[in-house]
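Engineer: Sequence:
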Amino acid sequence: MTRTIVESKTKTAIIGFDQPFCVIGERINPTGRKKLAAELEAGDFSTVEKDAIAQVACGATMLDVNAGVVYNSNPNPNETEPPLMTKIIELVQGLVDVPLCIDSSVPAALEAGLAAAQGRPLLNSVTGEEERLELVLPLVKKYNVPVVAISNDDTGISEDPDVRFAVAKKIVERAADFGIPAHDIVVDPLVMPIGAMATAGLQVFALVRRLREELGVNTTCGASNISFGLPNRHGINNAFLPMAIASGMTSAIMNPCALPTPMAKIAEKRAELEAAGIIVPDEMDDETFCRLMGIGSRSARPGGEMSAIRAANFLTDNDPSGAEWIRFNRPPGVPGEGRGGRDGGRRRRRA
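For the sequence shown, the UniProt record's numbering begins at 1 and goes up steadily by one.
Mixed in with the good hints, there may be bad ones.
[Claimed, not checked] With a straight-line Cα cutoff of 20 Å, these simulated SDA-like cross-link-like pairs (lysine to any residue) come out:
id, residue 1, residue 2
1, Lys50, Glu39
2, Lys35, Val70
3, Lys142, Leu91
4, Lys265, Ser247
5, Lys87, Ser105
6, Lys169, Glu159
7, Lys87, Pro138
8, Lys35, Pro260
9, Lys169, Asp154
10, Lys50, Arg298
11, Lys169, Glu213
12, Lys35, Lys87
13, Lys141, Lys87
14, Lys265, Thr288
15, Lys87, Ala108
16, Lys11, Gln118
17, Lys142, Asp177
18, Lys269, Ala246
19, Lys34, Lys9
20, Lys265, Ser297
21, Lys35, Tyr71
22, Lys50, Ala108
23, Lys87, Phe45
24, Lys87, Gly68
25, Lys142, Val163
[Claimed, not checked] The following label-pair restraints were derived from C-beta to C-beta distances:
id, residue 1, residue 2, range
26, Leu315, Leu230, 22 to 32 Å
27, Ala198, Asp44, 37 to 47 Å
28, Ser46, Leu315, 20 to 30 Å
29, Leu273, Ala42, 35 to 45 Å
30, Gln118, Asn72, 29 to 39 Å
31, Glu79, Glu213, 19 to 29 Å
32, Glu272, Glu90, 39 to 49 Å
33, Ala115, Gly43, 34 to 44 Å
34, Glu130, Glu79, 17 to 27 Å
35, Thr288, Asp44, 25 to 35 Å
36, Glu90, Thr31, 13 to 23 Å
37, Gly32, Glu90, 19 to 29 Å
38, Gly43, Asn78, 32 to 42 Å
No lab work stands behind these hints: they were computed from the structure.
No experiment lies behind these values; they were computed from the predicted model shown.
The beta carbon of each residue, even a glycine, is placed where N, CA and C say it ideally should be.
Based on the provided sequences and hints, a complete structural model is requested.
Structural biologist: Shown next, in the form of structure tokens:
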């Protein structure tokens, strides 16, 4: 069985066909997050700290770290990104003990991250472009780390799954030339938005099966790409992830956390109760109110995708006896009782 070993200073994560699905938390990334980008340029790491802790609390196996901020004061990422990557990695390692995925398009930032990271991080990423192969694969060999291989090359991203498979095969073969084994290559076959390409789901499921059976490599993806531009994206994601896992996908870069319940929704619900003549005690805090009303939570909690992943782990026999599924679904404050009843659904034998 193919196993990709990723390590922090104290913890090991295994990506593999016979392992529970590996969730790589995506939140430490300023791309598309103007507020976070502005904070990082100003030297404010409070959101990074919050996101690191929340993602691990919600079940992330690893954390992706991206420092791709385009500074207003200096638009050259080759100068600004390496020291920022070092700072974020050192900070995150001081807060959580899960392995890291070092994510950058700037080779100097990748190397800065590798120098700062403890253990054996995952490098994200290399593509089939010749220049990128020559820059990144020597780093992978030098630091003896696994790498994400993205299935595009100098011609761009192909809509033809056979072309994307050929690019992945090329990267695996070139890596072998550097002495990098296939088990240290985690291929991203590139998930297309199903709203733009009706066969996107079928394509990626078929690609993942080929990558597993023909190249013997582990796989990953940006899970939310499948639902881009569609309403109720979580509904699509919740269906996609178990289907991808059943096809052989072994990890995904994704958000493990549900969004907190907006204060406006809480105020609206309180107003509804008041209008119905139901009195809510003044001392009841928002978190207790959310839980009692079944409208989510103000604190970090696992999203629906995490529930879908754990169900898939159970169904693919990567959660022996469903122990993790039962633990995950145990009601808060009721030790030893799962939703299926006492002792995780097993009846107690009468004395």
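Engineer: Now, for every hint given, state plainly whether the structure supports it.
Structural biologist: How the hints compare with the structure:
This hinted pair checks out: Lys50 and Glu39 have alpha carbons roughly 13 Å apart, not beyond 20 Å. For the proposed pair Lys35 and Val70, the alpha carbon gap of about 13 Å is at most 20 Å, so the pair holds. For the proposed pair Lys142 and Leu91, the alpha carbon gap of about 24 Å is over 20 Å, so the pair is violated. With a C-alpha separation of about 38 Å, the suggested pair Lys265 and Ser247 falls outside the 20 Å cut-off, and the hint is violated.
Of the supplied pair hints, the one linking Lys87 and Ser105 holds, its CA atoms being roughly 17 Å apart against a limit of 20 Å. Proposed proximity of Lys169 and Glu159 is supported: the alpha carbons are some 17 Å apart, at most 20 Å. Our distance criterion of 20 Å between C-alpha atoms is broken by Lys87 and Pro138, whose separation comes to about 24 Å. Of the pairs offered as hints, the one joining Lys35 and Pro260 holds, with about 17 Å between alpha carbons and a cut-off of 20 Å not exceeded.
Proximity of Lys169 to Asp154 is assessed by CA-CA distance (about 15 Å); at most 20 Å being required, the pair is judged to hold. Proposed proximity of Lys50 and Arg298 is supported: the alpha carbons are some 14 Å apart, at most 20 Å. Our distance criterion of 20 Å between C-alpha atoms is met by Lys169 and Glu213, whose separation comes to about 12 Å. Of the supplied pair hints, the one linking Lys35 and Lys87 holds, its CA atoms being roughly 18 Å apart against a limit of 20 Å.
Between Lys141 and Lys87 the CA atoms are separated by roughly 24 Å; this puts the pair beyond 20 Å, and the hint is violated. Proposed proximity of Lys265 and Thr288 is supported: the alpha carbons are some 14 Å apart, at most 20 Å. Only pairs whose Cα atoms come within 20 Å are accepted, and Lys87 paired with Ala108 is accepted, the gap being roughly 14 Å. For the proposed pair Lys11 and Gln118, the alpha carbon gap of about 10 Å is at most 20 Å, so the pair holds.
Straight-line distance between C-alpha atoms of Lys142 and Asp177 comes to about 14 Å, which keeps the hinted pair within the 20 Å bound. Between Lys269 and Ala246, the direct Cα distance comes to roughly 39 Å. Violation of the 20 Å bound is thereby established for this hinted pair. Between Lys34 and Lys9 the CA atoms are separated by roughly 32 Å; this puts the pair beyond 20 Å, and the hint is violated. For the proposed pair Lys265 and Ser297, the alpha carbon gap of about 11 Å is at most 20 Å, so the pair holds.
Note on Lys35 and Tyr71: the hinted pairing holds, with a Cα-Cα distance of about 13 Å set against a maximum of 20 Å. Annotation: proposed proximity of Lys50 to Ala108 is violated, straight-line Cα distance about 27 Å (limit 20 Å). Restraint check for Lys87 and Phe45: the C-alpha separation of about 9 Å stays at or below 20 Å, so the hint holds. Distance check on the hinted pair: Lys87 and Gly68 sit about 13 Å apart at the alpha-carbon level, within 20 Å; holds.
This hinted pair does not check out: Lys142 and Val163 have alpha carbons roughly 29 Å apart, beyond 20 Å. Restraint check, Leu315 to Leu230: a C-beta distance of roughly 25 Å satisfies the suggested window 22 to 32 Å. Remark: the range hint 37 to 47 Å for Ala198 to Asp44 is upheld by a beta-carbon distance near 43 Å. Range check, Ser46 to Leu315: about 39 Å between beta-carbon atoms, so the 20 to 30 Å window is missed.
The hinted range of 35 to 45 Å is satisfied by Leu273 and Ala42, whose Cβ atoms lie roughly 41 Å apart. The hint said 29 to 39 Å for the Cβ distance between Gln118 and Asn72, and at roughly 32 Å that hint holds. For the pair Glu79 and Glu213, the beta carbons lie near 44 Å from each other, so the given range of 19 to 29 Å is not met. For Glu272 and Glu90, the hinted distance range of 39 to 49 Å is satisfied, since their beta carbons lie about 47 Å from each other.
Ala115 and Gly43 have their C-beta atoms about 21 Å apart, which leaves the hinted 34 to 44 Å range violated. For the hinted restraint 17 to 27 Å between Glu130 and Glu79, the CB-CB distance of approximately 25 Å keeps it satisfied. Separation of Thr288 from Asp44 is about 31 Å and conforms to the stated range, judged on CB atoms against 25 to 35 Å. Under the hint 13 to 23 Å, the C-beta atoms of Glu90 and Thr31, about 21 Å apart, fit the expected range.
Separation of Gly32 from Glu90 is about 24 Å and conforms to the stated range, judged on CB atoms against 19 to 29 Å. The hinted window of 32 to 42 Å between Gly43 and Asn78 is violated, with their beta carbons roughly 20 Å apart.
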